[in-house]
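Trainee: For the protein sequence lines, the chains are A, B, C and D, in the order given.
Take the first sequence: its letter number 37 is residue 994 in this note's numbering, and every next letter is one higher.
Take the second sequence: its letter number 53 is residue 1010 in this note's numbering, and every next letter is one higher.
Take the third sequence: its letter number 95 is residue 1052 in this note's numbering, and every next letter is one higher.
Take the fourth sequence: its letter number 26 is residue 983 in this note's numbering, and every next letter is one higher.
No lab work stands behind these hints, which were simulated from the structure alone.
All clues given are correct.
In silico DSS-like pairs for lysine-lysine, Cα to Cα no more than 25 angstroms straight-line:
no., chain 1, residue 1, chain 2, residue 2
1, A, K1114, D, K995
2, A, K1043, A, K1055
3, B, K1055, D, K1055
4, C, K995, D, K995
Chain A is nowhere near these chain D residues, computed Cβ spacing over 10 angstroms in every case:
no., residue
5, P984
6, F986
7, A989
8, L1036
9, P1039
10, V1041
11, G1045
12, I1085
Predicted, not measured: the structure shown is a model, and the values here were computed from it.
Note that CB positions come from ideal geometry on N, CA and C, so glycine has one too.
4 protein chains.
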Amino acid sequence: MTEVKEIKEVVAYHANNVCPDDLPWIPYFGDAKFKLLKANPVTGQNITLLWVPANMQLPAHFHPGTVIVYTVQGSWRYLEDPWVSKPGDMVYEPAGSKHTPQAVGDEDVITFNIVEGTLDYIGENGEILARDNWETFLKKYHDYCAAEGIEPIDVTKF
Amino acid sequence: MTEVKEIKEVVAYHANNVCPDDLPWIPYFGDAKFKLLKANPVTGQNITLLWVPANMQLPAHFHPGTVIVYTVQGSWRYLEDPWVSKPGDMVYEPAGSKHTPQAVGDEDVITFNIVEGTLDYIGENGEILARDNWETFLKKYHDYCAAEGIEPIDVTKF
Amino acid sequence: MTEVKEIKEVVAYHANNVCPDDLPWIPYFGDAKFKLLKANPVTGQNITLLWVPANMQLPAHFHPGTVIVYTVQGSWRYLEDPWVSKPGDMVYEPAGSKHTPQAVGDEDVITFNIVEGTLDYIGENGEILARDNWETFLKKYHDYCAAEGIEPIDVTKF
Amino acid sequence: MTEVKEIKEVVAYHANNVCPDDLPWIPYFGDAKFKLLKANPVTGQNITLLWVPANMQLPAHFHPGTVIVYTVQGSWRYLEDPWVSKPGDMVYEPAGSKHTPQAVGDEDVITFNIVEGTLDYIGENGEILARDNWETFLKKYHDYCAAEGIEPIDVTKF
Chain A
958 MTEVKEIKEV
968 VAYHANNVCP
978 DDLPWIPYFG
988 DAKFKLLKAN
998 PVTGQNITLL
1008 WVPANMQLPA
1018 HFHPGTVIVY
1028 TVQGSWRYLE
1038 DPWVSKPGDM
1048 VYEPAGSKHT
1058 PQAVGDEDVI
1068 TFNIVEGTLD
1078 YIGENGEILA
1088 RDNWETFLKK
1098 YHDYCAAEGI
1108 EPIDVTKF
Chain B
958 MTEVKEIKEV
968 VAYHANNVCP
978 DDLPWIPYFG
988 DAKFKLLKAN
998 PVTGQNITLL
1008 WVPANMQLPA
1018 HFHPGTVIVY
1028 TVQGSWRYLE
1038 DPWVSKPGDM
1048 VYEPAGSKHT
1058 PQAVGDEDVI
1068 TFNIVEGTLD
1078 YIGENGEILA
1088 RDNWETFLKK
1098 YHDYCAAEGI
1108 EPIDVTKF
Chain C
958 MTEVKEIKEV
968 VAYHANNVCP
978 DDLPWIPYFG
988 DAKFKLLKAN
998 PVTGQNITLL
1008 WVPANMQLPA
1018 HFHPGTVIVY
1028 TVQGSWRYLE
1038 DPWVSKPGDM
1048 VYEPAGSKHT
1058 PQAVGDEDVI
1068 TFNIVEGTLD
1078 YIGENGEILA
1088 RDNWETFLKK
1098 YHDYCAAEGI
1108 EPIDVTKF
Chain D
958 MTEVKEIKEV
968 VAYHANNVCP
978 DDLPWIPYFG
988 DAKFKLLKAN
998 PVTGQNITLL
1008 WVPANMQLPA
1018 HFHPGTVIVY
1028 TVQGSWRYLE
1038 DPWVSKPGDM
1048 VYEPAGSKHT
1058 PQAVGDEDVI
1068 TFNIVEGTLD
1078 YIGENGEILA
1088 RDNWETFLKK
1098 YHDYCAAEGI
1108 EPIDVTKF
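Work the whole structure out from these sequences, hints included.
Mentor: So this is what it looks like as structure tokens:
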């Protein structure tokens, strides 16, 4: 009979606190930038802060999964929708939504975003121009850290 | 051959903005109170704002699913963990975590919470004293609206 | 004070049984066909049966979210991976996986599939040739029902 | 400037095939037994095969999250629901469902189950008698392997 020496200990993971001050802003589109707070390589969930300069419009995009956005600072809208999201508001995006974000008002916009899956930037004929997901955000974070000589935090750890 | 008259139209839902000012604070434990922003009766996901008075300690609880907390105001901790969460921080709680929240510092605490499943309040011997989920939060919201003569918003709509 | 007349009753949904015999096989790629068992327009989850003729190879595809496959009949593999999946086996696909399915052996393949998000068919240069999600599967189901004079079941109901 | 030596490589995980023949049946309630195919300590998702002897009734239980069941062999029902699930059928259970499973007919029942969160066995007054989740299933698997001298597979690996 085989003797089993090492049975992996079974212990639920603890809650952990992520302080965005420990993470750099990473250049994104134009003057927009993001911080990657957490990336889950199993489910594809990625959690970010996004900084969008006042009045900037981002490219139209499509989400295969759900997105939850908490507006931290500034006001923004989707060109396709009637509402404006203000600080303290939450935007819930069911799977398969498409839209074009625009910062409105004089203040730069900061949002806290929980995205399940990819963010597909789409052209005028629906073609996919670019896509971001947990993996590309993580690569951008690591590339930025390498270029700047910053020791990256393992944001895939739970 | 049967003629099919009504085929349900297939259109992805639009993103919608939830403004917490449109929702009442609902009494919870002691002087703590919550706002229910969204409840998903299929997945059990519930999204809330929680207000906890300065220095208040909430009962220990267990989460069968994941929890994501964004700290909006004030500072708080779990008695079981080494960190203090401050405004702008995010706490990620893997499934199966147990802990006892405590507001620290002089300011009342407000958190934005995304909970998958229930929140089970547990006693000293691990017994479940009470549980909250999308359904009980929704009932508390509806009961409060009925008592106060407020027309509730359908927070289960996507 | 406003009197509130109708507060939506709060009752958890019951489990429901889906019998695939009640659903038609819908033509897909070549002689492959599928049955749509459930589609969730909020999360994007879609649950299908897929029938692939013996020895058929499907186009390479990418999944932004997770996929769980239970092999009901026949054997199949991904060209990119070392295993062959046999009846009773389960394949777990973390988010962001890419691969090319191939039926192996003399038997037609039937799989039970739970997909979170889209299924993006990709070309040789990584370009997206076509994509399926809860919405396109539902449209194909409804279009097929309309063409065949079948009354569709509401597979988006929970 | 700090030199960054090791940036974790960013590569999406591959799909993997789990063959239940590689996993033991683990005693559960009475003569019921289970195989643990996959357990996700971050999301709490657990994937199992359950074997229930003909005519056996399992205790009533509650699920805080969703459950998807594919019936592999035999017929079964919930005492609370009007349907009987047969081989090839799928049962979808929205979050917060409660029910009492019963094997019907002369054949032992085998189901393939995807559970998000816990499975809480509840008494006549709604009290929780016992609970299972990814962690307790994993512990039972490891304990059984230790007792039987079997080398456990790491079912938490993706």
